[in-house]
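Q: Need the complex rebuilt from these two chains, each delivered in its own frame; the hints are there to steer you.
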Amino acid sequence: DAGVIQSPRHEVTEMGQEVTLRCKPISGHNSLFWYRQTMMRGLELLIYFNNNVPIDDSGMPEDRFSAKMPNASFSTLKIQPSEPRDSAVYFCASSFSRPGGNEPQHFGDGTRLSIL
Amino acid sequence: GEDVEQSLFLSVREGDSSVINCTYTDSSSTYLYWYKQEPGAGLQLLTYIFSNMDMKQDQRLTVLLNKKDKHLSLRIADTQTGDSAIYFCAETKWAGGYNKLIFGAGTRLAVHP
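Those protein sequence lines, which keep their order, are chains A and B. Residue numbering for the first sequence follows this note's numbering, beginning at 1 and increasing consecutively. Residue numbering for the second sequence follows this note's numbering, beginning at 1 and increasing consecutively.
Isolated chain B, as found in the complex (with noise of 0.2 Å):
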């Protein structure tokens, strides 16, 4: 999606912490999010964040929201291969009577040991 940015791929150590950016474009989105997808499945719901917090934390997640840069990150301490998948950020915009996910073009994270 043109209006949701991700770099498309990051490599780290297995126990490094990995660090997966996102910008978006609609500044009155309510809520972003974070996908995981693994070979073969389907999206699984890592975690989201409401647009008047900065920082939401989730175990080994960490979710960082700046607002006036339009910028998400999603942060993955201790890093496992159990990890490596493909991470989506997607933004919420008002699509004239509903929320509409728009998504980025993905991550691929490789964890290496």
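If we strip away everything but chain A, and leave its shape as in the complex, we get (with noise of 0.2 Å):
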């Protein structure tokens, strides 16, 4: 089975510019999920999707970071102007979640993202 899909696996573009990372959840999972890796501050949620409707969006830093979820198979982060210190790992991951229960989160291999 396909696990989470993500694109690019490697972004360089230059400051202003603006960046779009894509990600397909696991096929059945409804709740997406998109983190941000770095040195400094290890692995931060920045938005959680359930049932395409975002439900926590309070780790995005700032308004220069949006996340749509148009249908149950595709998720995308835009960053906009991007700037050098948003370079980090950018994570999907997703799960299954039902009332009650707590379904592992499963990742995607990340888009290392460098703003130069």
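Read the hints as simulated data drawn from the structure, not as lab findings. Ideal Cβ positions, reconstructed from N, Cα and C, are used throughout, including at glycine. Please note: incorrect hints may appear among the correct ones.
Stated by the list, open to error - Label pairs and their calculated CB-CB ranges:
1. A:S58 / B:L8: 36 to 44 Å
2. B:M53 / A:L116: 47 to 55 Å
3. A:E14 / B:R13: 40 to 48 Å
4. B:Q44 / A:R41: 17 to 25 Å
5. B:R60 / A:P61: 33 to 41 Å
6. A:I55 / B:A110: 33 to 41 Å
7. A:D57 / B:T30: 20 to 28 Å
8. A:R41 / B:Q80: 38 to 46 Å
9. B:A110 / A:S58: 29 to 37 Å
10. A:Q80 / B:L8: 32 to 40 Å
11. A:N71 / B:P113: 29 to 37 Å
12. B:P39 / A:R22: 21 to 29 Å
13. B:S17 / A:M40: 28 to 36 Å
What the hints assert, rightly or not - A partial selection of chain A residues facing chain B, derived with a Cβ cut-off under 8 Å:
14. L43
15. F91
16. Q105
What the hints assert, rightly or not - Below, a list of computed lysine-lysine pairs in the DSSO-like style, where the Cα atoms sit at most 30 Å apart:
17. B:K67 / A:K24
18. A:K78 / A:K24
19. B:K93 / B:K68
20. A:K68 / B:K100
21. B:K93 / A:K24
22. B:K36 / A:K68
23. A:K78 / B:K36
24. B:K36 / B:K67
25. A:K78 / B:K93
A: Below is the structure:
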């Protein structure tokens, strides 16, 4: 079975440019998470979607960051304009959530983003 | 994450057992997780334990949970070079509608001959 698929795997761009990261969750999963990983701050949850609806976006750093989930099989994380401090590895994860349940999150391989 | 603490580095000899320790803060965590991250890859779920259990064994992996001390450990028997990676402990925290994962900073396991 295919896992969580992220694209691109690597992105290098100049500051000020728009960056779009993409994620395809595991089929049948109804929860999707975007994380950012840096040496300084470790793994941080940016946003959580359930049934395509954003539930918790308290981790989104600032207005330059936005995320969408137009359907159950696709999500994007956009940074506009990008800044060097946005350089990090961005992970998407998905799980199946049900009331009272706590299914594990499955992670994609990440997008390594470098802003010059 | 400041809520979950792990030692940053562990070095073991091939064939020995590895023990990675973790302390967490939320006594209401329902599940606790261990993830493995190899270079350039995402986090791979290794195992998890429900909070009403003390121990879980899965082949070479043994998870021990001490709820009183909020201490979690992962033991890897017969450690191999392929076990070299970063291991993350994670607790679940109720975030007003869903269970949020709070990760530790990760323990880098180095396996040498």
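Q: Go through the numbered hints given earlier and state which of them the structure violates, listing their numbers in rising order.
A: 1, 8, 11 and 17
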